[in-house]
Amino acid sequence: MTATVPNSMTNSKAVAAATATGTAQDAARLAAPTPGVGSPGAHAAVGSMSIDNVSCFYGSHLAVADVSLEIPGRAVTAFIGPSGCGKSTLLRAINRMHEVIPGAKAVGSIKLDGVDLYTKGIDPVSVRSKVGMVFQKPNPFPAMSIKDNVLAGLIIRGARPRGSAADELVERCLTRAHLWDEVKDRLKKSGDSLSGGQQQRLCIARAIAVQPDVVLMDEPCSALDPISTLAIEELMRDLARDYTVVVVTHNMAQANRISDVTAFFSLASAGQPGRLVEAGLTTDIFSAPKVTATRDYIDGRFG
Amino acid sequence: MSVSALDLAQGAGRAPVGGPAGGATPGERGFAGAMKGAAIAVALVLVGVLIFLAVRGGPAFFAGAADLPAHAGNFLSLAAPLAFGSLWVAVIALAVASLPSIGVALAATIYAPSARFGRLLGAVLDLLAAVPSVVFGLWGLMVLAPAMVPLYDWAHQHLGWLPFFAGQPSVTGRTVLTAGLVVAVMILPIMAAMCRESFALTPPALMEAAYALGATRWEMVRTAVLPVARSGIVAGGMLGLGRALGETMAVAMVLSATPGLISVNVISAENPSTIAAFIASTFPESTGSKVSALIALGLVLFAISLVVSILGRRFAKTGVAK
Amino acid sequence: MTLTLTRKAPQSDAVATFASCRPTWRRRTKDRLATTAVVGAAVLTAVPLTLVIWAAIQRGSERLDLTLFTNSMRGVVGQGGGLLHALTGTLLITAATAVISIPLGISAAIYLTEYGGQTRLASITRRAVDIMVSIPSIVAGLAAYALFSLLLGPGTRSGLAGAVALAMIMIPVVVRASEEVLRLVPGDLREAGLALGSPKWRVIWRIVLPTALPGLTAGSVLGVARIIGETAPLLLVAGFTDAMNYNLAEGRMATLPVYIYTQWSAKGLDTAAYDQRAWAGALVLMAVVVVLQVAARALPPQIAKLRRNR
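First to last, the protein sequences are chains A, B and C.
Residues in the first sequence are numbered consecutively from 1, following my numbering.
Residues in the second sequence are numbered consecutively from 1, following my numbering.
Residues in the third sequence are numbered consecutively from 1, following my numbering.
Some clues are possibly wrong.
Stretch-level coverage of chain B by chain C, calculated; a stretch enters the list once three of its residues show a Cβ under 8 Å from a Cβ in chain C [stated by the list, open to error]: (1) 48 to 61; (2) 76 to 84; (3) 97 to 104; (4) 126 to 139; (5) 158 to 170; (6) 205 to 211; (7) 218 to 225.
On the chain B side, residues computed to face chain C include the following (Cβ under 10 Å) [said to hold, decoys possible]: (8) Ala41; (9) Val91; (10) Ile110; (11) Ser114; (12) Met253.
These aren't lab readings, by the way, just hints derived from the structure by calculation.
Nothing here was measured: the structure is a model prediction, and the numbers come from that model.
Glycine residues also receive a C-beta, built at the ideal position from the N, C-alpha and C atoms.
Only chain A is shown next, with the shape it has when bound in the complex:
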C-alpha cells in the first residue's frame, strides 16, 4: 500500500493522498521531497491516519466491508458516494462513535499517528477527545449558554476553566470557528438562539476546544442554507491548517472545492455492504478517475 506525505499547507491543495487502489505513480508524486518537511518521525504529531481492513457491523449486518485508506494529516479528506454506501458509518468508526449504538462494532485497525485506536486497553473516551466530531444537524446543548457550549467538553470532564482562562479559551475557539464577532456580545444567551449556520460553527468551536488532532464532520452543511454552507466550507479549509479534517458530503461540488483528498465509496446494490472504490488526490479523482464507477458517479452528478 502507499502512504502519504502531509506538509505545510501553503498552497490551496495539500500534496497528499494514497489509496486502496493507489498506484506507483501516485506514490512517486507524493514521495517527492517537500521543502520544510522534517524527518518521518515529525509526521507523528500531525494527525495522519491510516485505516487498514476495516469492516463495520450493525449486529450481524455488514455495513462497511474491508476498507483500507490513508488520511493525510492537516488536510481535508472528503468521503463521497451514494446514500447507504457506509461513508458515515466509517467516519463514526474513526472516533469509535460507531460502537455507541447497541450491537454495532468495527474490526480492523485505524491508526492515528501510528497508534491503533482499537488497541485493547485504549478507552474509547480518550479516542474521542483526540478525534472530535461535528454532526449533520447542529446540536448545541440547549440548557447551556453559548459560552458554556464552547466549554462543554471541559465542563463534562469536571474541569471547567474559570475567569480569564475561560474567557481566553472561549474567544480563541470562537474566533477559530469564525463566530466570535457575531456572538461576543451575547455569550450568556442560549445556544438555541443562534441561526443554523451559527449553531454549526458553535459546534465546531465546541469540538476544537478540547484540542483534538482530528475533526470529523458528518455532512456538516446538509441542514444549512447556501450562505451558511459557504461560511462552513471556508472554515473547513482554514481548520485544515491545524487539524486533520475528514468530511462526509453528498455535495460533489463541495468535495471538489474544499478537499485535498477524496475517497469514493459505493455499494453493489441495496443491502450490500459499502466498499471503498477509489481514493486519491481530489484533482485526480475529479479530473481523471481510474475506476468507471467513480467516473459515472461524478459525471452523473455534474451532468
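Put chains B and C on the given structure of chain A with help from the hints.
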C-alpha cells in the same frame, strides 16, 4: 343526574344499529348527541363526587367533640395530625423511591444493553405497579416488618441521638419507616415510568454530541439526558407523591397507628396515622356524624392530592414547552 | 511501493500515547459508580417483586386446595372455608364496573377526538378526567357512599355501590387510553369514508372504531387491571360478608381484596387458618393480575405507551 347521562351513553351503542340506513340526519344527530352526552356525563361524575362529598361531609368541618371520632375536640385537631402522618409517610416513600426510580429508568433506557432488556425491565416495573395494595399490605406486615426489627434496634443503638430513631423501637416493626418503605415500592414503578418516558425522549443528537466530546457514559447522562428530562423527573415525583398520599390499604395494614399523634420518630411502636388509613380502619365501625367526619377528611385528602397533581402537571408542561 | 511513515508502534506504547487524554481516575470511578448504581437500582426493583411473589406462592399454596374454590366462609370459624363468595363478588362487581365505564369512557373519548375538538365542553371534560385520575381511591369510595346514602339512606352497602365507586376510578383511565388510541387512527381513513358519501357517524362506527378496536380493548383491559385489586373503596361501600350474594343491588358483597384484608383484620381464634386463607386469596388475586397483564401485553405494540400512562 349522572344516571340519566349514563343512559344516554349506553344508548350510543344502539343508535347506529337502529338508525335508518340512508337517513343521515337523524342518525347523525342521535349519535353525535349520545357521544356529547357521554362527555358531559364524565364531567358530571366529577361534579357529583364533589357535591356528594360536600353535602355529606361539610357539616363535620364545624362539628364538636361528640360528633368526631378518635376523641378529637374539633375537626382541625382531628385532621392536622392525620395530614401530618400522610405527608410524613409520603415524604419518606418519595425520599426512598426517587433515586432508585431514576436509576431503574436509566437502566431500562440509556444503560440497557439491548431493546429486549429494556422491555424485560419494563415488564418487571409494570407487574410491580399491578400488585394490589392489599397484597403489599399483607407482605409488609407479615414479612417485611418482622425482618426490619433488628435493623431498627441497631438504628436506635447507633443513631438514637437523631430524633427519627430516638425512644424505644417497635418490637413488631410495624412503624412509619416500614410503611414508608412499602409505599416506596408501590410508587417506584409509577415514578420510573415517567422518568423512562422523559429519558427515551432525549434527542440522540445531544447524546452523540456529549460522547464526541470525550464524555464517559455518566458524563453523557449528566450533560445530555438529565437536564432535558428534569421536568419529567419532577413531574414523576409529584405523581408518586400523589399516589403515596392516597395510598390506603398498605399503610392501614402495616402501620400500628395512634391517631392524634404527631411524631417524627420512624421506628417507634407509637406512630401517627394517615388520613387514608384512618378512614379505612375507622369507617366500617362508624355511623352517623362520625361518618360525616370521615367524609370531610376525604375532602381534605382530595384537596391535598389535587394540589400535588396540579403542581406535577405544571412541571410536565414546562418540559413540553422546552 | 510503500512509504511507511509511522508504523508498528508496540502495543504498550499505543496505550501510553493515549494515557495523556485517558479519563482521570476520578472520572472513571464516577462513571463506574454510576453504572453500578444504575444496575443496582434495576436489581433493587426486582427484589421486592420477587419477594412478594415468592411470599404469595409459598404461603398461599398452603391453602390452595379445592375447598378454597368451592366454599364460602359461611359458618366457618377455624380451619376450612373458601373464597368462592369473594371471587364471585369480584367478578360481578368488576363486570358491573366495566359495563358502566367502558361504554361511557369510549363514548366520551369519541366525542373528544371526533366531535369536540377545541370546544369548551371538550376542555372541561379533559380537565375533569385529569382531576379524576388524581382522586385517591378511598375518596371515590367515600363519594359512592355519600351518593347511595343520600339516595337510599345511611348505612347502605351493596355491590352496585362498589361498582359505582370503582367506575369513578376506571372511567378516566378508559377515556385517556381510548382518546389516545382514536388519535392514532389516520385522518385519511376518515376522509376516505366521508368522500364515499357516508355520514360521519357511520364512518366512525364502521371505519374508525373497528380500526381502533385492538387499542380500545387494550385500554379497557388496562382499566379492569387498574380496579381489580382495589380494596379501600369496596371495604367502604360493598362491605364484607361470609356468604354468597349474587345480587348486586342489595346487601353486602364480599370481594377478593376485601376478603384478604378481613381474613387478616378480623381473625378468629385459630389465627393460622385465617392467615393461610389471606395468603391463598393474595395468590389467587396475583394470578388474576398477572393474567390481565399478560393479556394487555399480548395486544399490539402501539398500545405499549398507554400501559405506562396508567
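Do three or more residues from the segment 48 to 61 of chain B put their C-beta atoms closer than 8 Å to C-beta atoms of chain C?
-> With 7 residues in contact (Cβ-Cβ under 8 Å with chain C), the coverage given for the segment 48 to 61 of chain B holds.
Verdict on chain C covering the segment 126 to 139 of chain B, criterion of 3 CB contacts below 8 Å | holds (count 14)
Would you check whether Ala41 of chain B satisfies its interface hint, that is, whether its CB is within less than 10 Å of any CB in chain C?
-> 6 Å, holds
Do at least three Cβ atoms from the segment 218 to 225 of chain B come closer than 8 Å to Cβ atoms of chain C?
-> holds (count 3)
Hint check: 10 Å Cβ-Cβ cutoff, Val91 of chain B to chain C | 17 Å, violated
Examine the segment 76 to 84 of chain B for residues whose CB is less than 8 Å from any CB of chain C, and state whether their number is three or more.
-> Not satisfied, violated; 0 residues make the cut.
Let me know if the C-beta of Ser114 of chain B comes in closer than 10 Å to any C-beta of chain C, holds or violated.
-> 14 Å, violated
Between the segment 205 to 211 of chain B and chain C, see if three or more residues pass the 8 Å beta-carbon test, and mark the coverage as holds or violated.
-> Answer violated; 0 residues pass the 8 Å Cβ test.
Quick one, is the Met253 of chain B hint okay against chain C at 10 Å, beta carbons?
-> 7 Å, holds
Are at least 3 residues of the segment 97 to 104 of chain B within less than 8 Å of chain C when you compare beta carbons?
-> With 6 residues close enough to chain C, the hint holds.
Check of the segment 158 to 170 of chain B against chain C for coverage (Cβ-Cβ below 8 Å, three residues minimum) = It is violated: at least three residues are needed, and the segment 158 to 170 of chain B offers just 0 whose Cβ sits closer than 8 Å to chain C.
Let me know if the C-beta of Ile110 of chain B comes in closer than 10 Å to any C-beta of chain C, holds or violated.
-> 8 Å, holds
Violation of the numbered hints given earlier is confined to hints 2, 5, 6, 9, 11; the remaining hints are satisfied by the structure.
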